[in-house]
Amino acid sequence: MKTYRKLFRYALKEQMEYRFNFSFSILTMIINDAAFLIIFAIFLSYFSSTGLTLGSFLLLFALNTLVYALINGIFANIGELPNLIEQGKLDYYLSFPVATLPFLMVSKIKVHNLGDLFFSLLAFVAYMLFFLEGNRLLFGLKALGVSLLGGIFGFGLFVLIGSVGFVLQRGSKLRDLFQSFFLVFGSYPPEVFEQQKLILPLLWLIGIFPSAYLPYWILIGKGGRETWLALVLLSGGMLRIGIQTFQLGLKNYSSGNLVLQQ
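Position one of the sequence shown corresponds to residue 18 (this note's numbering), numbered consecutively onward.
These aren't lab readings, by the way, just hints derived from the structure by calculation. These numbers come from a predicted model, not from an experiment. Check each hint, because a few of them may be wrong.
[Unchecked claim] Pairs of lysine to any residue, SDA-like flavour, derived with a Cα cap of 20 Å:
id	residue 1	residue 2
1	K268	L111
2	K190	N100
3	K23	V128
4	K127	N100
5	K125	Q104
6	K106	Y270
7	K159	K239
8	K23	T117
9	K125	F135
10	K30	P119
11	K30	S42
12	K268	P114
13	K23	V115
14	K125	Q32
15	K239	L154
16	K268	L256
17	K127	M33
18	K239	T70
19	K19	K125
20	K239	E208
21	K268	S112
22	K23	Y110
23	K30	V128
24	K268	N100
25	K127	Y27
26	K127	L200
27	K268	L118
28	K125	F41
29	K159	G253
[As the list claims (entries may be wrong)] Simulated restraints, written as ranges between beta carbons of each label pair:
id	residue 1	residue 2	range
30	E243	S197	27 to 33 Å
31	L265	E150	45 to 51 Å
32	G253	L146	29 to 35 Å
33	L61	L200	18 to 24 Å
34	G254	S62	37 to 43 Å
35	Y109	E208	42 to 48 Å
36	G253	G157	19 to 25 Å
The C-beta atom is built at its ideal place from N, Cα and C for all residues, glycine as well.
Take these sequences, add in the hints, and give me the full structure.
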């Protein structure tokens with residue numbers, strides 16, 4: 018564990034070498050996320066009869082940006098796993114005498130996606146200050162718990178999707194498709210899709226329900242112990258499936274340089 022902490026610090030220091038670029042990249046991503054929120058606020062000012070509120074959207078967006086920052090920012094190689102396999106770059110990580118998956122996790126950080134992390138934290142604070150009716154400390158603890166569980170599910174899901182690259186020649190296409198679905202559908206509260214019976218199974222398939230909607234329901238008080246239990250089981254199960262699939266693919270891996278040549 019000490020080795021991985023050092024590797025993570027090295028990756029972070031590498032991104033912080035140019036302080037202005039580091040700060041500017043984070044700031045621009047925060048502005049980008051805030052602009053999307055402003056657009057939704059304008060939409061609500063014209064279509065207030067939809068039953069949606071700015072608070073519900075803000076809370077869900079905070080959960081989504083946190084998961085996205087985890088996969089594409091803090092542990093950026095998880096989001097790029099199919100590319101590493103296809104382009105033969107996984108060979109580099111296999112040459113070190115440490116466990117491959119944890120090494121992949123901590124060895125790369127995308128600084129602009131850290132802006133999603135900071136925006137997520139700011140969004141949670143804004144929700145507690147302006148929309149929350151209740152105990153802020155209790156809400157903060159619940160938000161921390163469900164965010165971690167949602168992040169674990171998203172992490173396991175994208176390890177699983179990335180591991181498809183061991184089998185498919187273009188696993189990155191599947192990864193891009195899932196990320197697009199995740200951003201598009203996960204940006205709207207589940208109430209939007211209540212009447213769309215065909216979309217609901219798709220939202221389960223792409224992981225929106227376990228990673229964002231279940232945590233969202235818990236935080237707004239619609240989910241009880243059963244929802245907590247479902248979230249814990251789904252998160253733990255997906256993490257296990259993702260890791261085991263990666264390990265299985267790794268056993269049959271020779272050189273990623275060959276993938277694009279097949």
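How the hints compare with the structure:
1. K268 with L111: The given pair, whose Cα atoms are some 12 Å apart, holds under the 20 Å limit.
2. K190 with N100: Given pair K190, N100 holds - Cα atoms ~10 Å apart, limit 20 Å.
3. K23 with V128: Answer holds: K23 to V128 is near 18 Å, not above 20 Å.
4. K127 with N100: With Cα atoms ~15 Å apart, K127 and N100 stay inside 20 Å; holds.
5. K125 with Q104: holds (17 Å)
6. K106 with Y270: This hinted pair holds, its Cα atoms lying about 12 Å apart.
7. K159 with K239: Holds. K159 to K239 sits at ~13 Å (cutoff 20 Å).
8. K23 with T117: holds (15 Å)
9. K125 with F135: Since the Cα atoms of K125 and F135 sit roughly 18 Å apart, the hinted pair holds (cutoff 20 Å).
10. K30 with P119: Within the cut-off at roughly 18 Å; holds.
11. K30 with S42: holds (15 Å)
12. K268 with P114: Status holds; Cα separation ~16 Å.
13. K23 with V115: holds (13 Å)
14. K125 with Q32: holds (9 Å)
15. K239 with L154: holds (19 Å)
16. K268 with L256: Holds, because 19 Å separates the two Cα atoms, which is no more than 20 Å.
17. K127 with M33: holds (11 Å)
18. K239 with T70: It holds: about 16 Å lies between the C-alpha atoms, which stays within 20 Å.
19. K19 with K125: Roughly 17 Å between the alpha carbons, so the hint for K19 and K125 holds.
20. K239 with E208: OK: K239 and E208 at ~12 Å, within 20 Å.
21. K268 with S112: With a Cα-Cα distance of about 15 Å, the restraint between K268 and S112 holds, given a limit of 20 Å.
22. K23 with Y110: holds (16 Å)
23. K30 with V128: Given that 20 Å is the threshold and the Cα spacing comes to 11 Å, the pair holds.
24. K268 with N100: holds (18 Å)
25. K127 with Y27: Since the Cα atoms of K127 and Y27 sit roughly 13 Å apart, the hinted pair holds (cutoff 20 Å).
26. K127 with L200: The hint holds at about 18 Å.
27. K268 with L118: holds (13 Å)
28. K125 with F41: The hint holds at about 19 Å.
29. K159 with G253: Holds: K159 and G253 sit about 18 Å apart, inside 20 Å.
30. E243 with S197: 27 to 33 Å: holds (31 Å)
31. L265 with E150: 45 to 51 Å: Check passed, 48 Å falls within 45 to 51 Å.
32. G253 with L146: 29 to 35 Å: With a Cβ separation near 33 Å, G253 and L146 satisfy 29 to 35 Å, so the hint holds.
33. L61 with L200: 18 to 24 Å: holds (20 Å)
34. G254 with S62: 37 to 43 Å: Since G254 and S62 have Cβ atoms about 41 Å apart, the given range 37 to 43 Å holds.
35. Y109 with E208: 42 to 48 Å: At roughly 46 Å between Cβ atoms, E208 and Y109 fall inside 42 to 48 Å, so the hint holds.
36. G253 with G157: 19 to 25 Å: This hint holds: roughly 23 Å between Cβ atoms.
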